[in-house]
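Participant: What follows is each chain in one-letter form.
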Amino acid sequence: MEFTDPAKRKAQVAGLALMAAMFFLPAFAPRFYVYLAALILVRGLLATSLNLVLGYGGMYQFHHTVFYGVGAYAAALMITKTVLSPWLGFLAGPLVAAALSLVMGLICVRLSKLYFGMLQISLGSLVWAIVFRWYSFTGGDDGIHNIPLPAAISSINGSYYFTLVVSLLSLAAMYLIVNSAFGRVFQAVRDNQERCETIGVPVKRQQLMGLVLAGFFGGVSGVLFVAVEGTVFPDLMFWTLSLEVIIMCLLGGWFTFLGPMLGAAIIVILRTVVGIYTEYWTFFLGVILMLIIFFLPEGVLGYFLERLGRTRPTSAVSES
Amino acid sequence: MELASHVTLAALGQQTLVGLSRTTILFIVSSGLSLILGVLRIPNVSHGSLYMIGAFITWTIASAIGGSAGFWAAMALGPLAVGLLSLAVERGLFCRLYEREHLMLLLFTFALTLVFGDMVKFVWGSDFRSLSVPHAMQGSLTVLGLPFPRYNLFLLAVGPLVAWGMWYLTNRTRIGKIARAAAVDREIVAAMGINVSWVFAFVFCIGCFLAGLGGALVAPTQNITQGMDHSLIMEAFLIVIMGGLGNIWGALLGALIFGLTDAIGILVWPQFAIVFPYVAVVIVLFFRPRGLLKSVW
Chain A
1 MEFTDPAKRK AQVAGLALMA AMFFLPAFAP RFYVYLAALI LVRGLLATSL NLVLGYGGMY
61 QFHHTVFYGV GAYAAALMIT KTVLSPWLGF LAGPLVAAAL SLVMGLICVR LSKLYFGMLQ
121 ISLGSLVWAI VFRWYSFTGG DDGIHNIPLP AAISSINGSY YFTLVVSLLS LAAMYLIVNS
181 AFGRVFQAVR DNQERCETIG VPVKRQQLMG LVLAGFFGGV SGVLFVAVEG TVFPDLMFWT
241 LSLEVIIMCL LGGWFTFLGP MLGAAIIVIL RTVVGIYTEY WTFFLGVILM LIIFFLPEGV
301 LGYFLERLGR TRPTSAVSES
Chain B
1001 MELASHVTLA ALGQQTLVGL SRTTILFIVS SGLSLILGVL RIPNVSHGSL YMIGAFITWT
1061 IASAIGGSAG FWAAMALGPL AVGLLSLAVE RGLFCRLYER EHLMLLLFTF ALTLVFGDMV
1121 KFVWGSDFRS LSVPHAMQGS LTVLGLPFPR YNLFLLAVGP LVAWGMWYLT NRTRIGKIAR
1181 AAAVDREIVA AMGINVSWVF AFVFCIGCFL AGLGGALVAP TQNITQGMDH SLIMEAFLIV
1241 IMGGLGNIWG ALLGALIFGL TDAIGILVWP QFAIVFPYVA VVIVLFFRPR GLLKSVW
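Here the protein sequences come in this chain order: A and B. All residue numbers in the first sequence are consecutive under our numbering, ending with 320. All residue numbers in the second sequence are consecutive under our numbering, ending with 1297.
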């Protein structure tokens, strides 16, 4: 790491200022904005967890929100159906999501690129279909509402701080993972699988580990959704949401660590702001997405990093 | 569970026929998807939207003209309109992106889905629409001692016709042969002095026409509504993957598996009927990850 790089220094200062602002947000912002910020953190964490495998692993995880949904459902079911402490539910969510990710990963990981993505999306849709129909257990298409949350996080400020702390911890953990030896090898696998195999990297095990980690953090964002909204429904794991999360990664910049978080912020804010003026907000989202694809293929953050003169991270685009 | 008690042979037969008419729709839509995927290598997510637009346009034309003439005119013009729309999109936007990565193309088509979805909401509103079939198609015929709607029998006749048409187009016509060649190696085809870009436009247009045709044909059998694109596009993708990318017969096979498991599932375990096709897909892909039939990729 070069701390002397002025662009990096500037970015660090801006990051610290933003973090401070987020900690004091409930003190000066109206409730609605606090709620919005919590939602951005939840979606941003989800997008960042997807980007672990999508951007850093080069794996087309088309149906990532299945882990978001399963994490949320696991927490909601633990809280509503058992007498155990709700906090255990919040712990169970990510673990169940990681376990599901392991099972799905074991089935999918022998394939690559589009074939991996299609098998993954069909397995994910299978999970969605079961949740959608299993009325007696998951509430079917109604979902589960009015989930009783622990007193500490039942207020909007409480759930906001809970979300903020958990997201920051998760982001830090993911940042460390990406920059660990494991993360470096993972990126090497993305850039050249054959070469990694030749030098003795267990490619499939590496990818499986990445999938489980991404599933785990997807589950974390799922339980945070429960903490913020107090409700779960099958749309949380419908494939359209998965594509929206991929868009967040792309929009922010999927070769940067914080790009997906920025993309999530843009989309959540866009939806809210455009949603105030017109019910046709997805039209605008579609148009903006097209403009991004045509003019900013590196994403918003990727574009600005490039403008700041930093060397562009190696992109997987040239590989395929 | 009260399985088996109501699963009589006759009910099974009737459900199979229902499944086969569903198969027809699924086949028509997914063969278009498969064609585009095979030749252009684009996973066209907006295919479902074009199917929905096809259904809405068909409804509009049929109600504008009225009567049985209106119905048949709509059946012909609806899909054509969808084909023209897709041609405009392809020439205007899509053809500039062919060199990009698959993921970008997929997301571009998803962006189209968002735009199309809201356009449908804007033009047709969010009410249900329903299209009634002309007099000659109303009522039922008795098949295996059980009533079977005439329109579904019509669908059963259309399916093989489309399959034959697709076969004829790709195997017996010049443009079809060029398209297949371009699917294998577009550089060589271009080197032969053929304008590959226009071949792609043609294939994209035909594929989307089939999506529109599926929408037109499905219009009388269900509510025409927002969101009918979302479930269908997922099913069509799974069918194409199951059958083998770009293989028309694979699409037929995949549609058969999907349509029949769905129909039989309703009979066996209604609550989880929706799960059966997905289980079938997972089983198929588990054993044959590249699809049942040879993929062109």
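If you're looking for bench data, these hints aren't it; they were derived computationally from the structure. Take the hints with a grain of salt, since some may be wrong.
Unchecked claim - Computed cross-link-like contacts, DSS-like style, restricted to lysine-lysine with a CA-CA straight-line distance of at most 27 Å:
#1 A:Lys-204 with B:Lys-1294
#2 B:Lys-1177 with B:Lys-1294
#3 A:Lys-113 with A:Lys-10
#4 B:Lys-1294 with A:Lys-113
All values reported here derive from a predicted model rather than from experimental measurement.
Participant: Now, for every hint given, state plainly whether the structure supports it.
Facilitator: Hints, one by one, checked against the model:
1. A:Lys-204 with B:Lys-1294: Holds. A:Lys-204 to B:Lys-1294 sits at ~25 Å (cutoff 27 Å).
2. B:Lys-1177 with B:Lys-1294: 18 Å, holds
3. A:Lys-113 with A:Lys-10: 37 Å, violated
4. B:Lys-1294 with A:Lys-113: 18 Å, holds
When each numbered hint is compared with the structure, a violation occurs for hint 3 only.
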